[in-house]
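Q: Line by line, the protein sequences give chains H and E. Residue 1 is where the first sequence starts when you use the working numbering, and the numbers rise one by one after that. Residue 1 is where the second sequence starts when you use the working numbering, and the numbers rise one by one after that.
I should point out that these hints are in silico values taken from the structure, not numbers from a laboratory. Please note: incorrect hints may appear among the correct ones.
[Stated by the list, open to error] Below, a list of computed lysine-lysine pairs in the DSS-like style, where the Cα atoms sit at most 27 angstroms apart:
#1 H:K204 to E:K100
#2 H:K41 to E:K136
#3 H:K145 to E:K144
#4 H:K213 to E:K136
#5 E:K34 to E:K100
#6 H:K206 to E:K125
[To be verified] Estimated spans, in silico, between C-beta atoms of each pair:
#7 H:R29 to E:M259: 54 to 62 angstroms
#8 H:A159 to E:G67: 52 to 60 angstroms
#9 H:I30 to E:D93: 19 to 27 angstroms
#10 E:M103 to H:L224: 34 to 42 angstroms
#11 E:I273 to H:L156: 42 to 50 angstroms
#12 H:F142 to E:K104: 19 to 27 angstroms
Using N, Cα and C, we set each Cβ at its ideal position, and we do this for glycine too.
Each chain, letter by letter, is given below.
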Amino acid sequence: MPVTKTPDGLSEEITPGHPLIHLLQIKTRIFLADFRGFIRKLKHHPSALIGALLIILFLVVAFFAPAVAPHDPFVGELSERLIAPSWLEGGVSQYILGTDQQGRDLLSRIIYGARISLWVGFISVTISVLIGTLLGAAAGYFRGKLDLFLSRTADLLLAFPFLIFAVAVMSFLGPGLINLILALTFKGWVEFFRLVRGEMLSEKTKEYVEAAKANGQSNLRIILSEVLPNIIHTIIVLGTLRMGFFIIMEASLSFLGLGIQPPDPAWGSMVNEGRQFMLNAWWLSTFPGAAILVLVLSINLFGEGLRDILDPRLKIE
Amino acid sequence: MAAVEKELIKNVKPLVKIDGIKKYFTKKRSFLEKKLVRTDDIIVKAVDDVSLEVYPGETLGLVGESGCGKSTLGRVVLRLHEPTMGKVTFGGDDITRYSKQQMKQFRSNAQIIFQNPYASLNPRKTVRNILSVPLKSQGGDFIKREQEILHLLDRVGLNKRHIDSYPHQFSGGQRQRIGIARALAMQPKFIVADEPVSALDVSVQAQIINLMQELQEEYQLTYLFIAHDLSVINYVSDRVAVMYLGKIVELATTEELFMHPLHPYTKALLSAIPYVDKSKRRERILLEGSVPSPINPPSGCRFHTRCYQKKGKICSEEIPQLKEAAPGHMVSCHLLD
C-alpha cells in the first residue's frame, strides 16, 4: 500500500480506547494543529501581527477599563478643566492627556470610549454577518424568485451612500446605542449577502455538493455542513474589514450628534465636543481622533493579513 | 458469451429503464430583453428523447463527445437533475414521481462516482467525515460506523491510517478510491460512473477500473459507465450506447459495436482509436466542422451537418428512429432503411 504523505502527524496507528474519546482526541489535535499553523503564519506576516497585537491591547484595555482608567470618565472637577497634556506647559502629571471642558480626564474617557467603539463594531458586524450569510446562502442555493427579490433589494440598498443612509435612519429612529446598531446593520448585511451568495453560486456547482445530494443529505445540511465551512474564511476576512468600517461609521454618526450621546464617552462625540476648543485645547479632538485612527488601522491591517493567511489556495497547493 | 448475454437480456427485467427522457435547460430572458431585443428564452436541449435499458449486473457504456449530454443523462437517471419530460423507472417504479421519503430509499440504491476527484470531495472534510455522511443515513451507532469506515477503506485499497487525512493529502487515484468508497457506503445496486477515470493517469486508470470490476462482482453492482475514451469503454462495458448531441445514435453489445459499427458517427469515432498494430488500424474518417450547438440543433438527423455518407434530403428533414438493424443492435440512421 503506497502511503503518499504523512498528514501533519495525525494518522499514527489507531490507538486503543473508546472510539468516541479517540475521535475527541483527534478533533482536539486537528484544532491545535490548525491554531498553531495560524499563529506560525501570523508571525511571518508583520503587518497582521502588529494589527493583532494592537487589537489585543485595545480589547484588554476596554475589558479592564475600570481598573485601567485613572479617573472616573463621567465626573470632572470644573476647576481643573482644559488642562494640557502632562508633557506640555501647564500640564499636570495626574492627567496624562489633559482634561476636557468639564474637567474630566481625557485618557479615562478615551479608555471607556474603546468599549463603545469595539462593542458597536462587534455587535453590528455579527448581526450583519448572520443576516447576510443566511439570506445569501438561501438566495445562492435556491435561486429563483427569492434570489431575485433579495438581490434587487440589495442593489437598492447599495445605491445609497452608507453614511447618508445611516444618517437618514438615525434621524428617523433617534439617537442611542441600539438604534445605532440597527442603522448600521440595516445596510450592513448587504456586503455579506453578496459575498455569500456569490460564493454559494460557485460552490454549488462543485461535485461534492452533488455527491452530498446523492448521499441523501437535506438542503439545509448541505448548506450548513458542506458549503459554509468552505466559505467561512472569506466571511471572517470581510467581517474583520467591515468592523473597522462600522467603527468609523459609529464615530461619524456620534460626531454628527446622531449616535452615542454625551456624556457617554464615544470617540466621535468627543471629537465633536473638542472642536469648539480647537484653538486653545487641541488635544480634546486630536487624541480621540487618533484613537479611532489607530484602532481602525490595526483592524484593517489584521483583516488584510487574515486574507493572506486564510487563503485556502496558499494552504492546499 | 454474446449468446448468453442475449438470452439474459430477453428474460431479465431491466433494473433501470430510461423512457423518453428529455432534459432542456432554459436561460430565461428578462422582460426588458424580450421587449427591447426581441429575443426568446434560450433552450439548451442537453438530452433529447433518450430511451435506454440497463440490466442488472451489466455495465452499460455511454460514449460521446464532450457536451453531448451524457453526464446530464447520468444525473437525470439519479434525479440529481429533474427531467423535463419522460420517466426513469428503477426496478419497475417510476422514480420521477417519488416522494421525499421514497427518494431517500432510492438514494441508497443508486449512487454516483464523479469525474473530477478534486472537486467531488469536500476539501474541508476528513475521510472519516466524508464517509460517515452516507453511513449515518444507514443508521447504526458510532462504533459500528467506525468499523464500517475502516472496512470500506480497506475494501477500496486505502490504508486505515488515512482515516483522518484531508482530500488534498491524497493523489488523484486515491481520491477516486475515496469517492468509490463513499458511493459504496450506501450499499447501492446501481452506480452511475461519470467518467470516473478520465481525470487520472493511464496507469492509475487501470487500477481504478480493476477495482470497480472487482466491486461489481463482489456486490453484484450495475454500472452506467459514462466515458469518452473508447478503449476504456471497450474494456469495461457489456453493451455500449453512443450518444451524439443529446440523442442515442447506436446501441449494441460491445463486441458487435466495435466489430460492426453501423452509424457513420460511430464509425468515425472508432476510426480515431490509435492502434500500434498496423493490421488493426482502420482508415481514419475525419469529420468536418465541430459539434453543432445544442441550443439550435440541426433539423432531421442531428448528425447530417457533418455526415460523410449523407443520403439526401431525408437526412435533414426527418428525425431517424432508433431501429433494430441486427439482433440487439439498435441504430438510428436513414442509411439503413
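Q: Which hint numbers does the structure go against, in order from smallest to largest?
A: 2, 3, 5, 8, 9, 10 and 11
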